[in-house]
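Student: Chain by chain, the residues:
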Amino acid sequence: METINFILDNTIMNTTFQAWISVLFTLMMLSFLFKDNPLYKLGENTFLGISLGYGWVKLWELSVVPFLIRPIKDAYLDFQPYDLTMIFWLLMGFTMFFRFSRTKAWVANYYFAFLFAYIAGYEIPVQVQQLFIQGSNMMKPLLEYPTFFEISKWFVIIFGTFSALMYFFFSKPQKGLLGRTARIGIIILMINFGSSFGATVMGRIALFIGRAQVLAADWFATMVLSSLIIVFLFVYFKFIHKEPGLDDEQMH
Amino acid sequence: MKKELPLLLGFFATIGWYLEFFFAGTFFENWKMFFTTGFRSVAIVTLLVGVVNVLKVNYSRIKYNNDRWFSVYQMLIIIVMIVFALLRGTSPGTPFDAMFTFGFVPLDATVFSLLAFYVASASYRSFKIKSVESAFLLIAAILIMLSKMPLGEAMWSKIPVIGEWIMDGPTSAGKRAILFGAFLGGLTMMIRIAFGLERSHLTE
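As they're listed, the protein sequences go chains A and E.
Note that the first sequence covers residues 1 to 252 in the working numbering.
Note that the second sequence covers residues 1 to 204 in the working numbering.
Since the hints were made in silico from the structure, they are not lab data.
Mixed in with the good hints there might be a few duds.
Straight-line alpha carbon distances no greater than 20 Å define the calculated SDA-like cross-link-like pairs of lysine to any residue that follow [said to hold, decoys possible]:
| no. | chain 1 | residue 1 | chain 2 | residue 2 |
| --- | --- | --- | --- | --- |
| 1 | A | LYS172 | E | PHE180 |
| 2 | A | LYS104 | A | MET92 |
| 3 | E | LYS56 | A | ARG99 |
| 4 | E | LYS3 | E | HIS201 |
Pair ranges (Cβ atoms, derived) [what the hints assert, rightly or not]:
| no. | chain 1 | residue 1 | chain 2 | residue 2 | range |
| --- | --- | --- | --- | --- | --- |
| 5 | A | GLY55 | E | ARG125 | 30 to 40 Å |
| 6 | E | ILE191 | A | ILE230 | 51 to 61 Å |
| 7 | E | ASN65 | A | LEU77 | 46 to 56 Å |
| 8 | A | LEU178 | E | GLU164 | 24 to 34 Å |
| 9 | E | THR46 | A | TYR82 | 19 to 29 Å |
| 10 | A | MET1 | E | MET189 | 50 to 60 Å |
Not the full set, but computed from the structure, chain A residues with beta-carbon under 10 Å of chain E [stated by the list, open to error]:
| no. | residue |
| --- | --- |
| 11 | MET1 |
| 12 | MET13 |
| 13 | LEU30 |
| 14 | ARG99 |
| 15 | ILE119 |
| 16 | VAL128 |
| 17 | ASN137 |
| 18 | THR161 |
| 19 | SER163 |
| 20 | ARG183 |
| 21 | ILE186 |
| 22 | VAL214 |
Just so it is clear, CB atoms sit at the ideal spot from N, CA and C, and this is done for glycine as well.
Please build the complete structure, drawing on both the sequences and the hints.
Tutor: Pasting the structure below:
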């Protein structure tokens, strides 16, 4: 046990190691900008492995232990008739695996019908609430901030939302006044898509700047590791990796 | 009976949410509690399905030599995470947490930052002003991008103000209209599921 603790303290719990591993993973993923390569795949599988391991452990802690292991333990120590329902629910949960059967797939209907309906029961008031929240947020007082900037925004929000909703109104042909309103609605939606696109790109750029700052902060690790990665990529693509040739293409 | 009984059970689970709200009494409280306990127990099985699925996918990749060693490595990382959690727990300052902070976070941020290059390159190739609507899309995108960088302000001091106006005005109007549609659609779908009218999630 002492050996394990020694290894842990000098690897993943060591601040220098942490900085280097962070830089290494960043460079491994950025190597994809050159070409798909084994280092990128290694990073990809590390990403999957850590996220799956983290998710499983956290779900075990937050769901399985409090809602399954602990009730079973309590039922074993002090049995109450109500505890029998747990057996019913567990059996119900396992009916899901019947979905993989060709002849008895209908048994899984119990699982899916219950799960979907329970979530629907929870979601109905939430959806209604969200509609009211959106409505009330839209209808602010006109002269709350009496500036041209704010008043013009108020008009655009009210009439823009209305005209964009008209675009989604398909119960009548979109001609005449309705058609013209729907056209304004399309423009509002296009501005929305454009600005969402712009904001997304800038968000990604901000993430990239964050990674660049990490690389610049640990410049020594960056220099060493990027040199090693460049050498590896050169050797790999020059000597190890085989591009599919004419013969391979003919074979397929 | 292959669909009716499950739908009836689902209906009882749905109305459990409202009966407790409208009628006082332990009977309705227990009704809701019964289904809530059931939901938690049943949802745990979903975790098992996820675990089985990951094992199955990696097993077939290892068996048919489809990036075999990467699958082995992925399973190894999962095992390492579980071992770290067993050895020192999962609280902040443990190896488990350090793996997340210094392993997952840089990988996650870099993957998403890579998208900036691909989105920019794809949009450069595909954005063409063919109509008035597409012109609005492009102009809004350019103005928002300029408003979020120092270069925009350096070009003209009003660009950040225009960007803010676009985000608060037309963008919020468009987004709100889409959300209205989405919430109405969601509400309709939930009511259909609750009353057993929507059956696409059930099999024969």
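Student: If a hint holds in the structure, say so; if it doesn't, say that too.
Tutor: The hints, checked one at a time:
1. A:LYS172 - E:PHE180: holds (19 Å)
2. A:LYS104 - A:MET92: Holds, at roughly 14 Å.
3. E:LYS56 - A:ARG99: holds (16 Å)
4. E:LYS3 - E:HIS201: With a Cα-Cα distance of about 10 Å, the restraint between LYS3 (chain E) and HIS201 (chain E) holds, given a limit of 20 Å.
5. A:GLY55 - E:ARG125: 30 to 40 Å: Roughly 36 Å apart at Cβ, these two residues keep to the hinted range, so it holds.
6. E:ILE191 - A:ILE230: 51 to 61 Å: Holds, since ILE191 (chain E) and ILE230 (chain A) (Cβ atoms, about 59 Å apart) stay within the stated range.
7. E:ASN65 - A:LEU77: 46 to 56 Å: holds (50 Å)
8. A:LEU178 - E:GLU164: 24 to 34 Å: Since the Cβ atoms of LEU178 (chain A) and GLU164 (chain E) sit about 32 Å apart, the hinted range of 24 to 34 Å holds.
9. E:THR46 - A:TYR82: 19 to 29 Å: holds (24 Å)
10. A:MET1 - E:MET189: 50 to 60 Å: Since the Cβ atoms of MET1 (chain A) and MET189 (chain E) sit about 54 Å apart, the hinted range of 50 to 60 Å holds.
11. MET1: holds (9 Å)
12. MET13: holds (6 Å)
13. LEU30: holds (6 Å)
14. ARG99: holds (7 Å)
15. ILE119: Since the shortest Cβ distance to chain E is 8 Å, the answer is holds.
16. VAL128: Constraint on VAL128 (chain A) satisfied, holds at 6 Å.
17. ASN137: Because about 8 Å separates ASN137 (chain A) from the closest Cβ in chain E, which is inside the 10 Å limit, the hint holds.
18. THR161: holds (5 Å)
19. SER163: holds (8 Å)
20. ARG183: Since the shortest Cβ distance to chain E is 9 Å, the answer is holds.
21. ILE186: ILE186 (chain A) check passes; min Cβ-Cβ to chain E is 6 Å, inside 10 Å.
22. VAL214: holds (7 Å)
Every hint, counting from the list given before, is met by this structure.
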